[in-house]
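Each chain sits in its own coordinate frame; assemble them with the hints.
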Amino acid sequence: MDIQTLSLTNFRNYVDLNFIPSNGLNILVGMNAQGKSAVLEAIYFLATSKSHRTSRDMDLIHVGVSIARVNAHVDRSERNDVELEIVLSRAENKIVKINTVKHPKIGDIVGQLNAVIFSNSDIDMVRGEPSLRRRFLNLEISQVSPQYVYALGRYKRVLDQRNNLLREIKSSGVQTGDLGAWDSQLAQYGSTIIARRMKFIDFLAEEAAKIYSSLAGGSEELAVTYKKSVDIDLHAPESEIAAAFAKLLSTRRGLDIMRGTTTIGPHRDDLVLTINGLAAREFASQGQQRSAAIALKLAEINVMQESAGEAPVVLLDDVMAELDEARRARVLEITTGRCQTFITVTGLEEIDPSAVAVGSIFDVQSGKVTPR
Amino acid sequence: MHYAKPLAKLVSEFEKLPGIGPKSAQRLAFHILRINEDEARELANAVMDVKQYIKLCPVCFNYTDQPRCEICSDAKRDRSVLCVVSEPRDVVAMEKTNEFRGMYHVLGGVISPMDGIGPEMLKIRELLARMTDGEVKEIILATNPTIEGDTTAMYIAGLLKPLGVKVSRIAHGMPVGGDMDYADQATLIQALQWRREI
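The listed protein sequences correspond, in order, to chains A and B. In case it helps, this note's numbering puts the first sequence at residues 1 to 372. In case it helps, this note's numbering puts the second sequence at residues 1001 to 1198.
Just chain B, same shape as in the assembly (with noise of 0.2 Å):
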């Protein structure tokens, strides 16, 4: 396939996007240059006022534009409860449920010495530095089930227990008005080892 080179060039920036393939690049490509320049310069300032406007709360490391995020500046929040996740993404996830009304920590990733990841890496440091005034009462560890993830939460755990601090794990297991017969076996062994007492 010939480009113009200046397609070309979006076709490849395209590519290099999560999930984006080769026909999905072309696609796109060829619906910029169908939209008015206007819309165009819409989307090009959208992306570039992202990476000039959005940093790391100094707080909980969740995404924001403001000094502090909106949640760690929200007075009406729980304080003595603390969520921690790996990604900004699952912020947003707990957010929608509108349950949690506790702050957040965000790890920046989880353990993983295979991709070069080590503890000192993600925000667990900083993590440790919020518990010393005493606030926080609970740390719900809330990584992905997974291998990464809960030895990521194990180690968390390891250094909290000492300081005295309720420490919890999310649940896992079946799925909300999931079907027993199409639950994958590792998830109804899971079901079945965090199973609770009614």
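This is chain A alone, in the form it adopts within the complex (with noise of 0.2 Å):
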């Protein structure tokens, strides 16, 4: 899967940029805040319709304007070529098109174009708060699974629902009949978020081991692992995950009100990551933690390509001068050949001589993108 032509319009500090890549290595060059980050925030931004480094869309308008344009040409082999544009607004709300055709849901343009980035916050990841991997499962399995972005929606509506009801029973000390059918629905949805993160995990967990023991030199194991809600086997059909989150709902329904909350469903769960049996989150060293992050994203390459059919287009963002030679090499090694890959850097020292020769090489100052 590859860009064949990215044009951005009043997005971030580009007026009008009409960028060609290669379909190879892309390497940008150039200072700080001069746009180079924009670029790959542009196709993160078409490929999951959510920035990487901002949650208000309103930061990737033009100061001064009122719409932005992102649009990119995508060429796939295992589907046909497809136009992807989101058109921002001060005024309302961003528009999606595919094939130039106005979709009412901007969920739809998730999948479209399949993108994984890393960038500097990845570590985060691995030390933050739980709330940051379940963005990371969000975000990823939403970028293959249509149904995942589905139930993910519907999830969220009933999960404020259902807390509403659970703060009105609070204090009003009433209990009303409905709360049963809340719970079946929270049930029903929060099955198939569990199910396939399961899948997503245990496939992503495999690859990440086997990536993290070639970083580290086979000496350290990292293992990746669901805490989840529901105890239940990987294999156990949705109806079976339904049917036991229904069951932990109704038993810990004292508690959810008392709490006036919902206590327990995959909006609590977590992604563990342990490095030889500890967990990485409080006892790796930093080093550790970087290379557990770059494991996980480079397994997510392989999850992605196995499940699209194709490789995903790679975003690195300002990663390399943070790596140590080991490690920047492996990335390249992984990526390079196989996917088309976007690299921002402030000089071409930081990578690989021999990823230099191979890469199309291009200047970006103030706003514009020239080929070297």
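Pairs of lysine-lysine, DSS-like flavour, derived with a Cα cap of 27 Å:
{"id": "1", "chain 1": "B", "residue 1": "LYS1023", "chain 2": "A", "residue 2": "LYS94"}
{"id": "2", "chain 1": "B", "residue 1": "LYS1123", "chain 2": "A", "residue 2": "LYS170"}
{"id": "3", "chain 1": "B", "residue 1": "LYS1051", "chain 2": "B", "residue 2": "LYS1016"}
Quick look at which bits of chain B chain A covers, simulated, 3 or more residues with Cβ under 8 Å:
{"id": "4", "stretch": "1154-1165"}
{"id": "5", "stretch": "1178-1187"}
Far from chain A, some chain B residues (derived; all Cβ distances over 12 Å):
{"id": "6", "residue": "PRO1088"}
{"id": "7", "residue": "VAL1092"}
{"id": "8", "residue": "MET1174"}
For the record, the hints were derived by calculation from the structure and aren't laboratory data. We put the CB at the ideal spot given by N, CA and C, even for glycine.
Written out as structure tokens, the structure reads:
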């Protein structure tokens, strides 16, 4: 899968950009704040409808104008080629167009283009709050499963309604009859989420362990497990997960009412990383945490290739300077020759000369991208 | 924009209506200024009549100007099938099909804790009361396929099942004459889930 053209209008500091990348390694060279990361951000935005740098879409619109546009032609080997576009406006909701047809649901664009992004904040995935790991799971699985996007949206809505009801019951002291109906709705959509996550993590764990041991020289072992609310076997059908989840909700009903919130479910689950049996979040060194984060991301490339049938686009946002030579080489070794790759650097000395030799180099300066 | 006071009042009243913004409100108000007095009185009377004569049918809770609505008093309709909808406008939509010959029950909304609407605020107790004489054999739950509509249907189904009556949910999925290519993913997922053997 690769991007043939990328055009940006009033996106970040680009007023008007028409960028034609190569289908191999693209090296974006420039000083800070020139717009290197914005190119990667735009690609990731088309893939997920979200930015990896900000949760406020308004930040993406060029200062002083009200409408921004991101458009790309994507060449896909497993499916027909596709033209993707997102229009951002300060006054209205964003608009998604697939092959120039406007889609009422933003989520429809997710999965059209698969991208894996590496950035400085990846390490937070290892050492940060569980919510960051859930966000990672949600974003990545969404890219390969429209059903997951659907279930996640419905789940959030049911959760909001159920929490409202729990607060209401708490304050009035009267239990209403509809709690059971909300429980079964939560169990239905929650079980889809849990089942998809189990499958994704099962595959991710295997790949990540292999990659980590090659990064760490074979002396250390990375294990990735899903700390899930429902104790259930990986191969259990969704109906069984739903039944187990519904049972759990009913046994914890008293507690949920007392707290005025749903205390169990995929919105509380976590991805647990251990290195040689110790929790990476608490006990790993910074170097180990960084390796674990990279192993997860590299594993994700394989997982995505497996589920989409073709390699995703890889975005390396300012990560090269952070890595030692061995890890840098490993990252490029896994991606080059297989994935269209975009990499941002402040100077070519940050990457291996052999990579520079095969890559297409672009200079990025104040919102202009010029091939060297 | 400065309007004469009575005009400003009319514009602001129109603005309160659903789907009417400032521009449309202005256009409607100017239109009313142009029409003759008889026409204006007809409109005013129509508004007042609706408020005065339209009541809820005591059986199905649809709007009616009779002691009992037309559908409920029609002896030719099939009293063994009951279609449960959330709003009176859903009855209108169903009636347009000319297919359904059973009776209706209008809930007057859907369960939504966020909006402070619990089951006791809907006409669910009244629905159960209609079951007592054993005339109704089948209930079709035709609330919208939203989270709230689904939950309401699920809740009502839970109450009806023990009564031994047949309970069904209207199908959802691909629209008739629809194009697979243009269907959104949520619709396609639903269509797959609710597929049936042919």
